[in-house]
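Protein chains: 2
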Amino acid sequence: MKYDVVVLGGSAAGLIAAKSAKLSFPGKKVLIIRKEEISLIPCGIPYIFSRLKSIDDDIMGIDPLKKLGVEFLIDEVIRVDITSKKVFTLKESVEYEKLVFALGSTPFVPPIEGIKNDGIFTISKDYNYLQNVLESIREARKVVVIGAGFIGVEVSDEIRKSGKDVTLVEAMDRVLPLAFDEDIASVVADKLSSNGVTIKTNSRVKRFSAAGGHVNAVELEDGEKIEADTVIVSIGYRPNTKIAKEAGLFIGKNGSIWTDEYLRTSEKDIFAAGDCAEHKDFFTRKATKLMLASTATFDARVAGCNLFGLKVIRENKGNISIFSSAINGLAMGAAGVTEATARVEGFEVEVGKFTAIDRHPGAIEDKSQQIVKLVFSKHNGILLGAQVVTGKSTGELINILGLAIQKGMTAVELATLQVGTHPLLTAAPTMYPIIIAAESVARNICLK
Amino acid sequence: MKYDVVVLGGSAAGLIAAKSAKLSFPGKKVLIIRKEEISLIPCGIPYIFSRLKSIDDDIMGIDPLKKLGVEFLIDEVIRVDITSKKVFTLKESVEYEKLVFALGSTPFVPPIEGIKNDGIFTISKDYNYLQNVLESIREARKVVVIGAGFIGVEVSDEIRKSGKDVTLVEAMDRVLPLAFDEDIASVVADKLSSNGVTIKTNSRVKRFSAAGGHVNAVELEDGEKIEADTVIVSIGYRPNTKIAKEAGLFIGKNGSIWTDEYLRTSEKDIFAAGDCAEHKDFFTRKATKLMLASTATFDARVAGCNLFGLKVIRENKGNISIFSSAINGLAMGAAGVTEATARVEGFEVEVGKFTAIDRHPGAIEDKSQQIVKLVFSKHNGILLGAQVVTGKSTGELINILGLAIQKGMTAVELATLQVGTHPLLTAAPTMYPIIIAAESVARNICLK
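Sequences listed follow chains D and B, in order. Anchor point for the first sequence: position 307 equals 562 in the numbering used here, and the numbering is continuous, going up by one each time. Anchor point for the second sequence: position 179 equals 434 in the numbering used here, and the numbering is continuous, going up by one each time.
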């Protein structure tokens with residue numbers, strides 16, 4: 256069996272890499288090898304706990320890909336031989352001309368005492384595993400979520416919405432510590448609390464206690480014991496690199512498959528995309544563990560269209576860590592670096608911040624408070640990072656700011672941005688928050 | 256009485272010009288002269304007909320400006336003398352160092368037979384006049400709106416929502432003919448119709464018939480007679496240029512006050528901003544009548560900070576005609592040129608279009624169909640225009656595309672845009688519509 260392009264893994268990165276390859280090089284034969292019969296929409300998983308009716312509402316369809324002519328092999332990859340250019344699965348071997356690693360990541364299970372007891376789960380992407388999580392939560396009265404990254408925050412809020420008693424435990428000093436500064440994170444924490452989630456920051460888990468092999472409490476290092484019928488551990492994911500490593504691919508400093516700007520690995524004809532691939536931060540230039548479906552599809556688009564010859568203009572110049580999330584009654588987004596990270600990394604910054612409402616006039620229905628925080632380089636006014644908290648338009652509002660970051664825009668440019676505004680859709684033109692937040696910084700720079 | 260900066264007019268352009276002047280040059284004395292005690296939020300006016308409880312919910316507050324130290328004179332401007340640098344009002348005269356014309360526009364009243372009858376109104380920005388319109392509509396059973404620009408469309412939908420029988424009459428072949436191509440305009444028209452508004456395109460008004468001095472029907476050129484208790488005529492606005500003209504300011508080809516990239520007029524020390532100022536299209540470079548509050552505030556920000564010395568980087572390089580609007584159940588936005596306009600103007604274009612939903616997975620609540628149409632230059636792939644129809648995130652989605660236009664971005668760049676996506680906020684990363692619409696065009700350009 257021989258294919259022009261073989262993609263290992265069939266979640267967001269794998270599917271889009273295959274699609275991009277097929278569309279960019281229509282004559283090529285493309286095969287996806289994946290273990291799972293069913294693949295879930297990764298970012299939809301937190302919503303199986305309340306909003307969606309069942310896990311089946313969160314399945315990623317593959318019919319459009321099949322219609323394009325992409326073939327599928329449902330099988331587990333065992334080994335890749337780069338000399339003979341062959342992939343070995345449990346059942347067969349497949350020859351490739353170009354190979355894409357898109358094998359994703361696995362939830363990290365910390366070596367905490369008692370973690371093997373029943374009732375303790377991670378948020379895996381496996382359909383059957385998630386059925387078990389769901390069942391356990393349904394029977395639980397008290398749920399403890401460990402880790403206040405965005406999955407921990409979303410899952411806590413959703414489970415709370417389904418009527419359970421939920422405690423969210425975070426080792427750092429705030430929720431979403433990597434995405435938001437304290438001033439923005441506190442707005443999210445307040446909303447979570449008012450939705451009924453109990454938040455414990457600066458809290459590390461010492462052990463899980465159990466009765467009859469089933470968890471019954473989470474014990475913190477400060478001695479507090481939180482009763483728990485079910486525990487969700489969500490403190491990060493590890494890239495799936497075993498097969499890549501054994502095949503001889505270079506693994507980068509942070510443990511992911513090293514890639515260049517075109518998503519090529521250290522081996523000829525082999526690319527990597529998504530959670531298993533190394534990402535580089537747009538500003539700090541450090542290797543970063545960025546595991547988002549949006550990042551994965553971005554990688555996959557770049558990899559897919561560069562497989563048979565480079566198209567220099569389609570490359571990954573660095574990841575801006577852009578993401579959005581939502582809990583009941585509040586949406587949030589971030590892109591680039593936070594103020595805290597910027598300072599740690601040695602950037603001198605000026606911050607512009609503005610609070611408006613996301614509709615106008617104030618009497619209009621369906622409005623939310625809208626906080627925009629912009630972090631600029633002090634010397635040239637270039638936008639380094641943005642944080643937004645508001646209603647549902649957050650998702651696209653942060654994408655405006657992400658675009659501004661990618662284009663190296665300055666406070667002065669943002670202060671005279673041409674935007675459309677509308678009473679039912681946006682803040683007022685007189686106080687459009689991106690413009691006003693940028694204006695104060697632009698003025699400081701101009702007046703110098 | 257002498258001020259460093261005198262601003263004529265106190266709606267969106269005037270208020271923001273004064274604010275920008277005061278913030279950019281804190282030591283200067285700034286005065287706004289305006290006729291109206293109360294100024295309304297212009298884009299909120301269509302919503303006084305149903306969504307807002309009263310006109311008083313749509314008042315633009317001036318307290319923040321007063322706190323900044325901006326002074327107000329409520330009086331009518333009669334004449335400006337550019338030699339003595341004086342503004343004469345009904346009651347007094349004020350000397351200026353820098354003057355800003357922000358006198359806005361007035362609804363155009365076409366010379367149609369019978370238009371002077373009672374019950375026929377325009378959408379003026381005058382508080383008392385609008386009280387009369389509101390009263391007439393409240394008593395009406397049948398309302399006819401003439402002109403399907405965005406004010407006509409919004410007003411029709413709002414009045415319909417309040418339970419009246421509404422007919423919308425448009426001379427051109429579609430609703431919103433300047434903002435949207437037929438394929439997008441038809442989606443808006445379908446929604447308007449399903450909300451119960453009767454639409455008559457390709458229809459010109461011949462005369463208004465009346466009984467006892469009060470309108471009772473609109474007669475079309477094809478002979479049809481539409482019963483009407485109230486008529487709203489909304490076929491455009493004319494810039495208020497009388498005082499500027501008499502003062503000797505150069506009036507541009509389209510009848511507005513001529514301005515350069517810094518919003519300076521033909522006379523030294525005099526600027527103009529907003530509806531009364533000439534705008535230049537970003538791509539066609541033609542003078543354009545762009546009368547939007549968002550455009551006015553943009554002008555005002557540029558004018559305000561350039562009053563006492565140019566800051567070359569803050570200029571108006573051309574207007575991208577960006578706007579958004581919404582009716583019940585559908586929001587829409589446009590920026591740059593339409594496909595139709597591009598072709599008329601001599602651009603060779605390639606169009607990318609994609610329809611997705613604005614949430615993911617498909618089972619998620621609160622979703623809308625999302626149509627994104629992108630118009631690119633065929634030769635270099637530069638984005639010339641965008642049209643969007645979807646849910647409430649349209650307002651910010653079109654602002655992403657507006658930014659892309661302002662930065663001269665290409666299909667290839669947009670196809671590898673880094674965006675954040677989230678189930679409750681945006682389309683899926685695998686089918687983010689801006690990316691997919693751009694991808695097809697990028698591919699064509701790359702494969703050439």
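One or more of the hints may lead you astray.
Which copy is meant is left open, because identical chains are indistinguishable; a pair holds if it fits in one copy or across any two.
Derived EDC-like pairs: lysine to aspartate or glutamate, alpha-carbon spacing no greater than 20 Å straight-line [to be verified]: (1) Lys480 to Asp373; (2) Lys321 to Glu516; (3) Lys321 to Asp536; (4) Lys416 to Asp312.
Hints listed in this document are in silico derivations from the structure and should not be mistaken for laboratory results.
Verification of the hints:
1. Lys480 to Asp373: Result: close within a single copy only, 18 Å intra versus 76 Å inter.
2. Lys321 to Glu516: Cα proximity of lysine 321 and glutamate 516: none, with 29 Å in one copy and 53 Å across.
3. Lys321 to Asp536: neither (34 Å within a copy, 44 Å between copies)
4. Lys416 to Asp312: For lysine 416 and aspartate 312, only the intra-copy Cα distance (18 Å) is at most 20 Å; the inter-copy one is 34 Å.
In this structure, the earlier hints numbered 2 and 3 are contradicted, and the remaining ones agree with it.
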